[in-house]
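Visitor: Put chains W and X on the given structure of chain E with help from the hints.
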Amino acid sequence: MAEPLITLTTDFGYSAPYVSVMKGVIYALCPSARVVDLTHAIAPQNIRQAAYFLATAVPYFPAGTIHVCVVDPGVGTERAALYTQVDGQHLFGPDNGLFTLLWRQAREPPLVRRLTEARFWRPVVSATFHGRDIFAPAAAHLARGVPPEELGPLHPHPVQLAVQPAVCTSTACEGEIQAVDDFGNLITNIPAAQVPQLPSLVTIGSRPPLRLPWVRTYGDAPPGTLVSLFSSDGYFEIALVQGNAARQLQVSPGECVRLTWQPSSL
Amino acid sequence: MAEPLITLTTDFGYSAPYVSVMKGVIYALCPSARVVDLTHAIAPQNIRQAAYFLATAVPYFPAGTIHVCVVDPGVGTERAALYTQVDGQHLFGPDNGLFTLLWRQAREPPLVRRLTEARFWRPVVSATFHGRDIFAPAAAHLARGVPPEELGPLHPHPVQLAVQPAVCTSTACEGEIQAVDDFGNLITNIPAAQVPQLPSLVTIGSRPPLRLPWVRTYGDAPPGTLVSLFSSDGYFEIALVQGNAARQLQVSPGECVRLTWQPSSL
Amino acid sequence: MAEPLITLTTDFGYSAPYVSVMKGVIYALCPSARVVDLTHAIAPQNIRQAAYFLATAVPYFPAGTIHVCVVDPGVGTERAALYTQVDGQHLFGPDNGLFTLLWRQAREPPLVRRLTEARFWRPVVSATFHGRDIFAPAAAHLARGVPPEELGPLHPHPVQLAVQPAVCTSTACEGEIQAVDDFGNLITNIPAAQVPQLPSLVTIGSRPPLRLPWVRTYGDAPPGTLVSLFSSDGYFEIALVQGNAARQLQVSPGECVRLTWQPSSL
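Chains as they are written, first to last, in our numbering: chain E, 1 to 266; chain W, 1 to 266; chain X, 1 to 266.
So that you can see chain E by itself, here it is in the shape it has in the complex:
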């Protein structure tokens, strides 16, 4: 059997020692683990961004992978610490909505437990670093074979982010920019299935409406062209060919996006 795979997703950044501390804790408890960095560049405290990241990346991992997710502005308060099983993936993280999008897209009903069994934690638990003291060690214990039901009781009502899906009619779609990638591409939350054809106009926030050419892929338009296309994860996307759309349009995640079709074009 392959050695246990444990991934890390945090907002800890790359220069502080916190991520390395978690790696040390995991390897010390489960020496055969393979720890895999997903990202540590979630914007500080940005639960929404982390939820999108996890929903996009986690489903590609083999069933049985363990994911430790620490974007945790409420660390040390009364917020619960969670284990959740989603379509064969095992995840650990705070009860703050981090898993909202994964749960929504799950094929099977997700299972959620509250971590209460302190014997799977570090002996002393700090008020500010549960990644080190609770999530990493609990994940390592699971990797060593502790059954999930020993981690704590079922937790039937976890916190969910108030994320609205895009709302579409026959002439318009309203959604939001749910992610901006490192290229500056703007990924909306409007599913490809809701966009049967080229919208006449694309309006971001209160900016003037844009009339964007539709492309299959970036290389279909000359560099510097602002285009619309379907993202690789199946959403309506706005991109600047070989440029940075977010910077050119000054757009940030969370802004509203409105697609409109003129009746004549339907």
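Check each hint, because a few of them may be wrong.
[To be verified] Anything over 10 angstroms on all C-beta distances counts as not near chain E; from chain W, calculated:
1) S20
2) G97
3) P158
4) C168
5) N189
6) Q194
7) W214
8) L226
9) G243
[Unchecked claim] Derived coverage of chain X by chain E (criterion: at least 3 residues anywhere in the stretch with Cβ under 8 angstroms from a Cβ of chain E; other residues may be distant):
10) 28-37
11) 55-63
No wet-lab data here; the hints were simulated from the structure.
Model, not experiment: these values are computed from the prediction.
The beta-carbon is built from N, C-alpha and C at its ideal position, and this holds for glycine as well.
Guide: Structure of chains W and X alone, referenced to chain E:
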């Protein structure tokens, strides 16, 4: 036998989920793999930078290592998807010149194949993310033992970058800044063998010529001194001791560099 | 037995090929190794920052872990190359004080050797990249079973950083900002044990004194509040709830911090 080693080199950055998606795809197909990050900080679409990176790093890996390289502005267009074998290293990436410098420095004739066998890809191939849909799964299949010749036919004329080697005479050398590292050191493409002694003058672009002291290593001159030396990969280099030469001189990769020797100094 | 764990800590950044080169060297010599990135975002030449990083992260790793640490402004000069064993951890790096804080906090007397046995290095040693030519290969040889005593002779007087511990009286504590994490939290070097209760005033450098509320954890105060608390590694810390204290206060590592207690509050 050690478990298969698969490295990743991309321009995807560290905050978007794309790299993690590729890791998931690889681990799902080849659970025993060890995936190794080379870099995800290639500047967007900068094939030249990636070519230098690969030519510098790849040869140090053990023969048999598999490298997945995705800097791919032409994704989804007619550009081919490649597998290439260079001095025992296996590489996957788009046919856009990414492997130019590796091929040029190869000790044995490189072998290039076009990836055509869709049975080694994900069942649905997107127009914008071949890292996930073609390169990562093909690499994972190779790691599982699929012979390279099954991936697709030989591809005798891959795209090559129009990179000129430095041109040297007995009194001058003309080359370019081929890389700027994270310290701000300026690595030219002028090989050490072409620089028998201290040049009298170093001219970058159209800036005023510099008269730079020659050092064996950074610590041989006081902090703040602009020096010339041989880089650890064997090129003429310009550095600012304990400072950032690129920032101080405002130099970017691709700028011309001219070394001149006064006849009297020869 | 689990495969050898070799970690990397450098100031090489994420875009240059140097870290990947070291990974290649290690895997080529020790194909069964698992190479783990700690950080490559130490500020260039910042030995003090690296010393804090290592002292914070290394002790969490399982005994027997090998750590390669390259923040090395004196590379290629007369400075020694070191192996040190600290509480069961094996470390390699330049003799410039990098291990000062690890040595000070060690439970058992650390052992230090000077790397002199060139048979464990690359055949040609450059003047500017000992990470590749000395530290990585020596670490890989140790991982393959070479006993530490073969690496070189004992080195009884390694360089130590002139880092002063915080100085505390019954009414005041003087220390410094020893680290700023990626959240912008200011971690001082004043140990929790020296701070029996809320200081009346906190003075950073020559700024006006601050009267900071004391919290157990960030979530105990509203977003935007400047607070004081104990860091997860046991030091007095100043944070801006859901914000960046370093940016708001314009504070950098190394600045003085003074805590004062009014006699009446004792």
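Visitor: Decide, hint by hint, whether the structure agrees.
Guide: Hint check:
1. S20: 4 angstroms, violated
2. G97: The claim stands: G97 (chain W) keeps its Cβ more than 10 angstroms from every Cβ of chain E (closest is about 15 angstroms).
3. P158: At roughly 17 angstroms from the nearest Cβ of chain E, P158 (chain W) sits farther out than 10 angstroms, so the non-interface label holds.
4. C168: Its Cβ never comes within 10 angstroms of chain E, the nearest being 34 angstroms, so this holds.
5. N189: 24 angstroms, holds
6. Q194: Given a closest Cβ separation of 34 angstroms, the condition holds.
7. W214: Answer for W214 (chain W): holds, closest chain E Cβ roughly 34 angstroms.
8. L226: 27 angstroms, holds
9. G243: 20 angstroms, holds
10. 28-37: Holds: 3 residues of the region 28-37 of chain X have a Cβ under 8 angstroms from chain E.
11. 55-63: holds (count 7)
Checked against the numbered hints given earlier, this structure breaks only hint 1.
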